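**Q** Residue numbers (the numbering used here), protein chains in the order written: chain A, 1 to 336; chain B, 1001 to 1229.
Because the hints were derived from the structure by calculation, they are not lab data.
Some hints here could point you the wrong way.
[Stated by the list, open to error] What follows is a list of derived Cβ distance ranges for each label pair: (1) A160(A) - S1131(B): 40 to 50 Å; (2) V188(A) - G1158(B): 54 to 64 Å; (3) A1136(B) - G314(A): 30 to 40 Å; (4) V188(A) - W1070(B): 17 to 27 Å; (5) G1071(B) - R336(A): 32 to 42 Å; (6) A1136(B) - R311(A): 36 to 46 Å; (7) D1147(B) - L318(A): 47 to 57 Å; (8) R1226(B) - G314(A): 36 to 46 Å.
[To be verified] Over the 10 Å line for every Cβ pair with chain B, so calculated as not near, a few chain A residues: (9) I50; (10) E57; (11) Y75; (12) V274; (13) I313; (14) V333.
Being a predicted model, the structure only gives us computed values, none of them experimental.
No residue lacks a Cβ here, since even glycine has one placed at the ideal position from N, Cα and C.
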Amino acid sequence: MATTEATVHLADAPLRRVLAPAAAGGLILLFVARLFGITDVAAAQTFTIIFTAIVVEALPFVLLGALVSALLEVYVSDDALGRLKRLPPALQLPAGALAGVAFPVCECGSVPVARRLLRRGVHPAAGIAFMLASPIFNPIVLVSTWVAYSPRDLGVQMVAGRAALGLVVAVIAGWALGGEATEELLRVDQSGSPATHDHTGPRSKVTSLLGHLNDDFFFMGKFLVIGAALSAGFQTLLPQSLVAGVARSAVIGTLALMAIAYVSSLCSEADAFVAVSFSQFGIGSQLAFLVFGPILDFKLTFLYGAAFRRRFIGSLALVTAPLVVAGAFIFEVLLR
Amino acid sequence: MNAGAWPKTVVLALWSLFFLWLLVSGKVNVYIGPRTYWVVLFGAACLVAATVGNVVLSRREDDAGDRGSWGGYALMLLPIVLVFVVPEPSLGSLAASRKASGGVVSAAAGAPVREPGDEISFQEISYAVASEGYAAALGIGDGYEVDLTGFVAGPSEGVADAIDLTRFSIFCCAADAVPYTVPIRMPERTSFEPDTWLRVRGSLARDGATYVVVADQVEAVEVPSRPYI
């Protein structure tokens, strides 16, 4: 009886930690809505469409990520992972970043997989590099980037710039943030605990797979919903023209598009079609939008919060934002 | 079924039904673009499989993961609840005012591929405003006849005595919607409420740096089953 209560208590804890900031965010949104005089049905309609669309678009990928994560846990032996783990960290890191090619899903799916890889002993730097690179450095994303920019004769340049900058940022961020031990990096929770999912025998393995899939899907899913709600709230309330006015300044314009990328929480497989519409911004700023969004946005903030300790998100922003700005500036200069 | 599994099975079942409802009712077109329609098909299949897996396996063994929390389950169902509580969720004039302005979208997503004489719509007109070469290649200019269906975004910001007719283009989902707006000069002093869907037939005329549609015929129409271009 005591064990059951403890399990429920611990499983509730992450959500309680989320509900407080979510409630605060909701109150802020309501205040901003009042400020802009938006209290009518149109706002609710717009919010509902954007909110639901983000969740519908992302949920299958969260499920897919949870499935891959569960397969890794149940069917990939320690021996198989051991070969990767025995590689020197200097090789694990680029190998992790390049593995994104083999995992063509957007950012929602990569977080649970990276979390599982870290738990199974893959070097944290490699796991982080994989998580950050896979939403950018995967074939579907690169093809969609080429399709969006090729009518402007910038398809090849943009694909090369996005892949190169995404890879560089992922490797450097992996190196900078992956120095800690896994237990220092990952959030403590009960899901996926080996004690609760012992898997011996074929039937047990299938059931255990389902258990891990459930845990990861529901654990990540609620954070996705909160991130999508905040993104939809800001998209409903704040006009993009507020930041579009700074387009002429290279650095501020880049920061503005990174802010839009953060708030918009777009899928990396579609964001190029939005980026190309910001035609009054420089091409470097558009690249920053394409690289920063899949690394850090509203929904990812909550997904990272589900997987990693709180300080990870701040550190990630501090490491990646300057790199993206610098890379965007260099790209702009190279294309002049 | 063990106590820890049934709330998860219910949540998965409701999401499965929601995905299936989106597909069967055609409402999927309101949330997701045609290019990513497959995601909903794929999601429906995965969710149904996960639901069935939960039902079958959780009856056999007492191990379907952690118990979770009621707050978390409620949160997971919030999008579905909102869709059925909020009347006719849609992107309209408010969303158009919040998304990128007309200048921002003028060259959105590259030039649509068209042959001279083809029927043109919001995107082609927006691109013709941005690119004289594109306009010349398609023969877009004064007198070019158009037939547009969109919603009223409000009085035109750039053209006097005109309204803005808008239609969204989406790529993946409604979150990445980009509004395309064309100013319409009405045949007579008629006024339509914002968000009214109109079918406008008329011809293009140059008005400063932009094109305006001089309308011959304007009629209010129902919201199209595919509201985006």
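**Q** Against this structure, judge whether each hint is valid.
**A** Hint by hint, here is what the structure shows:
Checked against the given bound of 40 to 50 Å, the beta carbons of A160(A) and S1131(B), roughly 25 Å apart, lie outside it. Separated by about 56 Å at the C-beta atoms, V188(A) and G1158(B) satisfy the suggested range of 54 to 64 Å. Hint check: A1136(B) to G314(A), Cβ distance near 52 Å, so the stated range 30 to 40 Å is violated. Between V188(A) and W1070(B) the beta carbon distance is about 22 Å. The supplied range of 17 to 27 Å therefore holds.
For the pair G1071(B) and R336(A), the beta carbons lie near 53 Å from each other, so the given range of 32 to 42 Å is not met. A beta carbon spacing of about 57 Å between A1136(B) and R311(A) contradicts the range 36 to 46 Å that was offered as a hint. Here the CB-CB span from D1147(B) to L318(A) is close to 53 Å, well matched to the stated 47 to 57 Å. The hinted range of 36 to 46 Å is satisfied by R1226(B) and G314(A), whose Cβ atoms lie roughly 43 Å apart.
Listed as a non-interface residue, I50(A) fails to keep its Cβ farther than 10 Å from every Cβ of chain B; the least gap is roughly 5 Å. Not every beta carbon of chain B lies more than 10 Å from that of E57(A), the smallest distance being close to 4 Å; the non-interface claim is violated. Here Y75(A) stays apart from chain B, with its beta-carbon at least about 15 Å from theirs, past the 10 Å limit. Listed as a non-interface residue, V274(A) fails to keep its Cβ farther than 10 Å from every Cβ of chain B; the least gap is roughly 5 Å.
No beta-carbon of chain B comes within 10 Å of the beta-carbon of I313(A); the shortest separation is about 20 Å. Under the 10 Å C-beta cut-off, the non-interface status given to V333(A) relative to chain B holds; the minimum distance is some 22 Å.
Hint check: violations occur at hints 1, 3, 5, 6, 9, 10 and 12; the rest are consistent with the structure.
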